[in-house]
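Start from the sequences and build out the full structure, keeping to the hints where you can.
In full-length UniProt numbering, the protein residues as written are 1 to 255.
Everything labelled a hint here was simulated from the structure, so no lab data went into it. Wrong hints could be hidden among the right ones.
[As the list claims (entries may be wrong)] Within a straight-line C-alpha distance of at most 30 Å, the following computed DSSO-like cross-link-like pairs (lysine-lysine) qualify: (1) K190 / K244; (2) K32 / K78; (3) K244 / K196; (4) K233 / K190; (5) K128 / K176; (6) K237 / K71; (7) K221 / K237; (8) K190 / K96; (9) K72 / K221; (10) K32 / K196; (11) K78 / K221.
[Said to hold, decoys possible] Ranges between beta-carbon positions, derived for each pair: (12) Y217 / F186: 14 to 22 Å; (13) I13 / I100: 15 to 23 Å; (14) D214 / F10: 52 to 60 Å; (15) Y217 / F10: 49 to 57 Å; (16) H37 / D214: 32 to 40 Å; (17) K56 / E188: 36 to 44 Å; (18) K8 / V53: 51 to 59 Å; (19) K56 / V12: 47 to 55 Å; (20) W108 / K56: 22 to 30 Å; (21) K32 / K78: 12 to 20 Å.
Each residue gets a CB set at the ideal place from its N, CA and C atoms; glycine is no exception.
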Amino acid sequence: MKKNKSVKVFGVIFVVAAVLIFINFIPTFELKISNMHIIEGEWVNVYYEEEEVAAKDVFQLANVRAGELAKKLGFSEKQNINIYIYDHQSTMQMKKYGLIGPMLGLDWYIGDNIGTDVILTSPANPGKVHSYDNNKQAVLHEMVHAYVSIINPQIRLWLTEGMALYLSNAESFYKKYTCNMHIPTFSEMKTSNPIKFSNMGGYTFANTYIEYIDQEYGWEKLMMIIRTEDYEKVFGKSDEDIYKEWINYIKNYYQ
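Printed below as a string of structure tokens:
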């Protein structure tokens with residue numbers, strides 16, 4: 001009797017948990033919300049709510065730079081890149097993580113990609129951490145992610161973030177960072193957790209990894225790694241060998 005009662009209790013808990021999870025993710029089911037307007041461009045489409053001036057500013061930047069980024073990554077025609085701009089950061093965060101998104105305390109989190117869809121907080125309301133300009137520039141970072149997701153949908157986080165930083169908005173790197181900051185370990189580079197990636201210094205270091213491969217082995221081999229992640233085939237070396245080479249590169253950085 002007690003066993004049957006326990007089974008029923010666990011069953012109820014499971015159903016309630018499943019319902020709560022479903023409710024949480026309802027905002028993620030549809031990126032476009034009812035009051036959105038659209039601007040169609042040569043390379044990208046932008047959807048926005050009421051902050052029209054900021055949306056047009058983002059569109060102008062995105063549509064001009066998209067052609068350059070697309071061609072750099074091997075695309076000759078318009079891809080299905082759609083940019084959704086939300087007036088409030090909380091709305092953008094809910095589109096990725098559901099109702100719980102704004103409760104996670106991610107003040108720095110203003111944009112993301114979901115495959116070829118880019119979600120972005122309006123630069124008109126950049127939140128506590130960002131400015132209008134770097135919020136606007138973030139669209140380029142997310143667009144690179146979108147293009148890379150077409151090339152390799154399962155790509156490692158370290159590589160796609162490195163590419164996005166390298167091709168769009170990476171800050172200057174200095175050799176002194178290798179002395180006064182934590183350098184991501186080989187195992188940490190394999191994380192798929194974006195919060196862990198941020199906390200381990202990924203946004204500081206990942207672009208230099210891409211930079212190293214580009215400068216040492218060339219753009220063609222870099223793109224082969226982005227497509228296949230097969231280090232042995234591309235370089236005749238393991239990914240750990242390339243990691244060690246990269247460490248030496250940043251410890252002897254030019255500035």
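Exercise for review: Could you grab the alpha-carbon distance between K190 and K96 and see if it respects the 30 Å cut-off?
Suggested key: 22 Å, holds
Exercise for review: Take the C-alpha atoms of K233 and K190, compute the straight-line distance between them, and say whether it is at most 30 Å.
Suggested key: 19 Å, holds
Review point. Hey, K221 versus K237, does the alpha-carbon distance stay inside 30 Å?
Key: 13 Å, holds
Exercise for review: Please test the hint of 36 to 44 Å on the beta carbon pair from K56 and E188.
Suggested key: 40 Å, holds
Check your understanding: If you check the beta carbons of W108 and K56, does the distance land in 22 to 30 Å?
Key -> Cβ of W108 to Cβ of K56: about 25 Å, so the range 22 to 30 Å holds.
Exercise for review: Mind checking the hinted window 14 to 22 Å against the Cβ distance between Y217 and F186?
Suggested key: 19 Å, holds
Point to revise | Satisfaction of hint between K78 and K32, Cα-Cα up to 30 Å | key: 20 Å, holds
Exercise for review: Just tell me: holds or violated, for the beta carbon distance of K32 and K78 against 12 to 20 Å?
Suggested key: This hint holds: roughly 19 Å between Cβ atoms.
Exercise for review: Indicate whether the distance between the beta carbons of I13 and I100 respects the range 15 to 23 Å.
Suggested key: Between I13 and I100, where Cβ atoms are some 19 Å apart, the hint holds.
Review point. Is the straight-line distance between the alpha-carbon of K72 and that of K221 30 Å or less?
Key: Holds, because 13 Å separates the two Cα atoms, which is no more than 30 Å.
**Study point:** Restraint check for K32 with K196, where alpha carbons must lie at most 30 Å apart
**Key:** Status holds; Cα separation ~29 Å.
**Study point:** Satisfaction of the hinted span 52 to 60 Å by the C-beta atoms belonging to D214 and F10
**Key:** 53 Å, holds
Violated hints for the displayed structure: none, as all numbered hints are satisfied.
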